[in-house]
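Q: First to last, the sequence lines map onto chains H and U. Residue numbers are given in the working numbering: position 154 of the first sequence equals residue 154, and the series is strictly consecutive. Residue numbers are given in the working numbering: position 42 of the second sequence equals residue 42, and the series is strictly consecutive.
Mixed in with the good hints, there may be bad ones.
[What the hints assert, rightly or not] Residues from chain U that face chain H, not an exhaustive set, calculated with beta carbons under 10 Å:
| hint | residue |
| --- | --- |
| 1 | THR92 |
| 2 | ALA95 |
| 3 | PRO102 |
| 4 | SER104 |
| 5 | ILE179 |
[Stated by the list, open to error] Negatives, chain H to chain U, calculated, CB over 10 Å:
| hint | residue |
| --- | --- |
| 6 | ASP29 |
| 7 | ARG133 |
| 8 | GLU269 |
[Unchecked claim] Here are the simulated BS3-like pairs of lysine-lysine, each with C-alpha atoms no more than 27 Å apart in a straight line:
| hint | chain 1 | residue 1 | chain 2 | residue 2 |
| --- | --- | --- | --- | --- |
| 9 | U | LYS3 | U | LYS18 |
| 10 | H | LYS114 | U | LYS9 |
| 11 | H | LYS177 | H | LYS217 |
| 12 | H | LYS217 | H | LYS293 |
| 13 | U | LYS9 | U | LYS19 |
| 14 | H | LYS217 | H | LYS301 |
| 15 | H | LYS118 | U | LYS3 |
| 16 | U | LYS9 | H | LYS118 |
| 17 | H | LYS73 | U | LYS3 |
| 18 | H | LYS62 | H | LYS73 |
| 19 | H | LYS143 | U | LYS2 |
| 20 | H | LYS114 | U | LYS19 |
| 21 | H | LYS177 | H | LYS73 |
| 22 | H | LYS62 | U | LYS19 |
| 23 | H | LYS62 | H | LYS293 |
| 24 | U | LYS2 | H | LYS118 |
| 25 | H | LYS177 | H | LYS62 |
| 26 | U | LYS19 | H | LYS73 |
| 27 | H | LYS114 | H | LYS62 |
| 28 | H | LYS114 | U | LYS3 |
| 29 | H | LYS256 | H | LYS217 |
| 30 | H | LYS62 | U | LYS3 |
| 31 | U | LYS18 | H | LYS143 |
| 32 | H | LYS118 | H | LYS143 |
| 33 | U | LYS18 | U | LYS2 |
In case anyone wonders, no lab produced these hints; they're calculated from the structure. Beta carbons are placed, not taken as given, at the ideal position from N, Cα and C, and that holds for glycine.
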Amino acid sequence: MVEALPQEAAAIHTVGLTKAYGGVRAVSDLSMTVPRGEIFGFLGPNGAGKTTSVKLLTGLAKATSGTAWVLGKPAGDVANRARIGYLPELFRYQAWMSALEVLQLHCELAGIPKAGRKAETENALVTVGLADRANDRVATFSKGMQQRLGLGVALLGTPDLVFLDEPTSALDPVGRKEVRDVILELRGRGVTVFLNSHLLSEVQQVCDRVAVVDRGKVVASGTMADLLGLGEIRIRVTELDGDAMRAAAGFGSANKDGEWLTVAGVTPERVPDLVAELVRSGGRIHAVERGRKTLEEIFIKLVERP
Amino acid sequence: MKKIAIFAKLTLRESLRKKVVLVLLGLTVLVIVLSAVGMSRLVNTGLAGSSPGDIRAAISFVLILIMFAYSFVLALSAVFFTVPAIAGDLETGTALAILSRPVSRAHLLLGRWLGLVVLTAAYVAVASSAEFLVVRVVTGYSPPHPLMFIFYMTAETVVILTLALLVSTRLAPVAGGVIVLGSFMLAWMGGVAISLGRQFSVQALETGGTVTRLMLPSDGMWKGAAYSLEPAALLATARAQGADGIANFPFFSLSPPAGSYLAWTAGWILAILWLAIWSFNRREI
Ligand SMILES: Nc1ncnc2c1ncn2[C@@H]1O[C@H](COP(=O)(O)OP(=O)(O)OP(=O)(O)O)[C@@H](O)[C@H]1O
Ligand SMILES: [Mg+2]
């Protein structure tokens, strides 16, 4: 069997993708692969290049150099866009239209056949909780309601890939939970979701895979488990001598604080070996626990400016 | 073509829902009513006792003046409606959502243009027909070429709105509006310059005016509109008066635009549209 090329198999595959606005490199040499059917979290501080990356992938901006494939086609392929949903970050829909009219317009633009449009729009309105405001003008909507409408628009036409650029930034806690459920349901249907978000607890809850970008470059990426696994092991140990400390250092960067020894960067499989090594060198172990790092702590460490 | 039609329809619906449409329609009705009142006064008191030929000439001349003022209002409205067309979509971010669909930027731009052209043509046709009808009822006078007038008046407005659309791909609405209206005034002054140049035999004025007329053919189209309102008697008078007479008024024309100038104008509109697409395609959004 011939293995499919990554650009064909993956939902998104980029090689050396770069975008410069004048002197500012918004995205710099971005290479990454997003497998199909996963929820992909794209994280980074303000101005890191997340929105720009999404614009490159949806064909709204042209790359300065590098290439990107989306659903097996070069990014920006016009016909391919019928299979992609996109919720932009900062936007307002036509204020003079009603929510229903906005959805109808996007059905038409997406090339959804006339017969299917009623079901599509009704479905979207129910999913995002705007069914009772369908005929109100967008001008009268609150920020969160606009964002809900944007999500509804992104879901039209059963896309294979959905880009959500900070979909919950204006939502109340209930709305956030609802959006999480929508995202998980999308995954259930095999849809790939590309999620830009600053709400790391949210990302931690839903994403299968994440990449962290800073100043246009990827600084960490992998499955959520990988990334959280970068955490530390904390061991309460007594009668530890210098030899044992050196032994521990062989597993990762070790630090002693009173009776607690922390070793950073130990993969889960090596924890028993680490403990055995400490016991062999005379240490008495009282407790072993995985340092419970959150995505937020890891993120801050990654992008912290010294 | 289907995708262009989507945006043309959208533009029509959007324009018709603007409150300013009501204002514009109200103003149009007001102007028509006022012109009816004015004309009837003119015929029944001012010109009472004059020969039918003089009355006809006077009415036709007043009608040209009214339509000349109306062409300014029309240009102003066209700029007002067009300048936010692309700039507004970009400003609100609506363009992001729309352009991530299987459509191109050229579709959006051409659709907006088409919608505005249809709107202009419809409005010019209805408003001028109403004015002509009222004048006819009140005075019995009909201009010689009403359809030709509608054509040239629409063409003049399309010239302006095409330029406004180009500007809209780069500039914010207010700045764009000022630039386009400024250009419109310059083109009109170019027309005046040609008249003055002829009258006082100043070659430089004539040349300058001709250059502006080529660069922005709006005033050139107005000359066609004016010509289509001039009855044979008025033309004859103008010719008889020679270079110092009404033929030199900026709202008067002794001949319709030449075929070559019409072709130039059509080419100009296409070129500006092409430039607008080019500019929009290169714009970061
Ligand atoms: N149209 C543009 N013209 C010039 N510079 C731009 C443009 N768009 C983005 N940039 C620059 O590119 C960089 C990345 O911006 P981007 O919007 O992609 O950041 P982001 O990661 O989405 O940030 P945030 O978390 O604030 O949404 C920033 O330095 C920004 O100033
Ligand atoms: Mg952003």
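Q: Does each hint fit the structure? Answer for all of them.
A: Hint check:
1. Checking THR92 (chain U) against chain H by beta carbon gives a least distance of about 4 Å; that is within 10 Å, so the hint holds.
2. Below 10 Å, beta-carbon pairs count as interface contacts, and ALA95 (chain U) has one with chain H at about 8 Å; its hint therefore holds.
3. This hint holds: PRO102 (chain U) has a C-beta 4 Å from the nearest C-beta of chain H, less than the 10 Å allowed.
4. Evaluation of the SER104 (chain U) hint against chain H yields a held restraint, the C-beta minimum of about 6 Å falling below 10 Å.
5. For ILE179 (chain U), the interface hint is violated, since its Cβ never comes within 10 Å of a Cβ in chain H; the closest pair sits about 24 Å apart.
6. For ASP29 (chain H), the non-interface assignment is confirmed: its Cβ lies about 20 Å from the closest Cβ of chain U, beyond the 10 Å cut-off.
7. Under the 10 Å C-beta cut-off, the non-interface status given to ARG133 (chain H) relative to chain U holds; the minimum distance is some 19 Å.
8. No Cβ of chain U comes within 10 Å of the Cβ of GLU269 (chain H); the nearest lies about 43 Å off, and the non-interface call holds.
9. Pair hint LYS3 (chain U) plus LYS18 (chain U) holds up; C-alpha atoms about 23 Å apart against a cutoff of 27 Å.
10. Among the hinted pairs, LYS114 (chain H) with LYS9 (chain U) is consistent with the structure: their alpha-carbon atoms are about 16 Å apart, no more than 27 Å.
11. Proximity of LYS177 (chain H) to LYS217 (chain H) is assessed by CA-CA distance (about 30 Å); at most 27 Å being required, the pair is judged violated.
12. For the proposed pair LYS217 (chain H) and LYS293 (chain H), the alpha carbon gap of about 23 Å is at most 27 Å, so the pair holds.
13. Between the alpha carbons of LYS9 (chain U) and LYS19 (chain U) the distance comes to roughly 18 Å, so the proposed pair stays at or under 27 Å and holds.
14. At roughly 16 Å between alpha-carbon atoms, LYS217 (chain H) and LYS301 (chain H) fall within 27 Å of each other, so this suggested pair holds.
15. For the given pair, LYS118 (chain H) sits about 20 Å from LYS3 (chain U) by alpha-carbon distance, which is consistent with the 27 Å threshold.
16. Restraint check: the Cα-Cα separation between LYS9 (chain U) and LYS118 (chain H) comes to about 20 Å, which is no more than 27 Å; the hinted pair holds.
17. Straight-line distance between C-alpha atoms of LYS73 (chain H) and LYS3 (chain U) comes to about 22 Å, which keeps the hinted pair within the 27 Å bound.
18. A threshold of 27 Å between alpha carbons decides the hint, and for LYS62 (chain H) with LYS73 (chain H) the separation of about 15 Å falls inside it, so the pair holds.
19. Distance restraint check for LYS143 (chain H) and LYS2 (chain U): the Cα-Cα separation of roughly 33 Å exceeds the 27 Å cut-off, and the hinted pair is therefore not satisfied.
20. The suggested pairing of LYS114 (chain H) with LYS19 (chain U) is violated, with an alpha-carbon distance near 31 Å, which exceeds 27 Å.
21. With a C-alpha separation of about 33 Å, the suggested pairing of LYS177 (chain H) with LYS73 (chain H) is violated against the 27 Å cut-off.
22. Between LYS62 (chain H) and LYS19 (chain U) the CA atoms are separated by roughly 38 Å; this puts the pair beyond 27 Å, and the hint is violated.
23. Between LYS62 (chain H) and LYS293 (chain H), the direct Cα distance comes to roughly 38 Å. Violation of the 27 Å bound is thereby established for this hinted pair.
24. Distance check on the hinted pair: LYS2 (chain U) and LYS118 (chain H) sit about 20 Å apart at the alpha-carbon level, within 27 Å; holds.
25. Restraint check: the Cα-Cα separation between LYS177 (chain H) and LYS62 (chain H) comes to about 34 Å, which exceeds 27 Å; the hinted pair is violated.
26. Distance restraint check for LYS19 (chain U) and LYS73 (chain H): the Cα-Cα separation of roughly 44 Å exceeds the 27 Å cut-off, and the hinted pair is therefore not satisfied.
27. Restraint check for LYS114 (chain H) and LYS62 (chain H): the C-alpha separation of about 32 Å exceeds 27 Å, so the hint is violated.
28. With a CA separation close to 15 Å, the supplied pair LYS114 (chain H) and LYS3 (chain U) stays within the 27 Å bound.
29. Distance check on the hinted pair: LYS256 (chain H) and LYS217 (chain H) sit about 34 Å apart at the alpha-carbon level, beyond 27 Å; violated.
30. Note on LYS62 (chain H) and LYS3 (chain U): the hinted pairing holds, with a Cα-Cα distance of about 22 Å set against a maximum of 27 Å.
31. For the suggested pair LYS18 (chain U) and LYS143 (chain H), the alpha carbons sit about 23 Å apart, so the restraint of at most 27 Å is met.
32. The straight-line distance between the Cα atoms of LYS118 (chain H) and LYS143 (chain H) is roughly 25 Å, inside the 27 Å bound, and the hint therefore holds.
33. With a C-alpha separation of about 25 Å, the suggested pair LYS18 (chain U) and LYS2 (chain U) falls inside the 27 Å cut-off, and the hint holds.
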